[in-house]
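Asks: Given only the sequences and the hints, what does the whole structure look like? Please build it.
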Amino acid sequence: DAGITQSPRYKITETGRQVTLMCHQTWSHSYMFWYRQDLGHGLRLIYYSAAADITDKGEVPDGYVVSRSKTENFPLTLESATRSQTSVYFCASSESGGARGSPLHFGNGTRLTVT
Amino acid sequence: AQSVTQLDSQVPVFEEAPVELRCNYSSSVSVYLFWYVQYPNQGLQLLLKYLSGSTLVESINGFEAEFNKSQTSFHLRKPSVHISDTAEYFCAVTSPYSGGGADGLTFGKGTHLIIQP
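Top to bottom, those sequences are chains S and L. Those letters in the first sequence? Residues 1115 to 1229, per this note's numbering, in order. Those letters in the second sequence? Residues 580 to 696, per this note's numbering, in order.
These aren't lab readings, by the way, just hints derived from the structure by calculation. Some hints could be false.
[To be verified] Per the computed footprint, the stretches of chain S lying under chain L, defined by three or more beta-carbons under 8 Å from a beta-carbon of chain L, are:
(1) 1126-1139
(2) 1181-1189
[Unchecked claim] Interface residues of chain S toward chain L, partial, derived using beta-carbon atoms under 7 Å:
(3) F1204
(4) G1215
(5) P1217
Yeah, the Cβ is synthetic: ideal placement off N, Cα and C, and Gly gets one too.
Replies: Structure (structure tokens):
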């Protein structure tokens, strides 16, 4: 099925552990994004990518690492998870980036709990 | 820099009543405006967008929004809501002159629309 899929849907991990959230899209969109959603903060951009091998920081990048070796995949890694990283994480893709009016297409999210 | 303000974090309304969700933006240049909807346990979906042309834009499920440049607003309205409209609604703004990445797309903090039977 065409679309954008995130895995896992739910994840519980311990403080200090490394965890990777996966994101895969089938549209061959150039742009991909990672957001976190927290009560009172709305959506905050963590990282984004304009194309394979091109990534850039968003509003809240500290503690996160991304890579994009293939156009369709954009994994997000928490190198050493902290409780403040407990959140719902959304991956999104876009044909040409928000600035050109292309809408974002979101996955269903990963709910991450760090204990 | 641009910003989006959604003044109401929650809007309760009775079924079949009209509703307006407010969105104001701040930008020194021309803008593109979006409304996204998030149903429980799902990601955001595009509801409607304004890029240019007619200032009144409509969605397929009865919502409409009007771009008002003088008031820097893009309020979302529906004349008669249904229980299925219960969701979180996000307003977002970007500019044709932004860098081309997501740093040009700014979201509001969302408004939770609660439909009461």
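Asks: Please flag the earlier hints that this structure goes against, numbers listed from lowest up.
Replies: 1, 2
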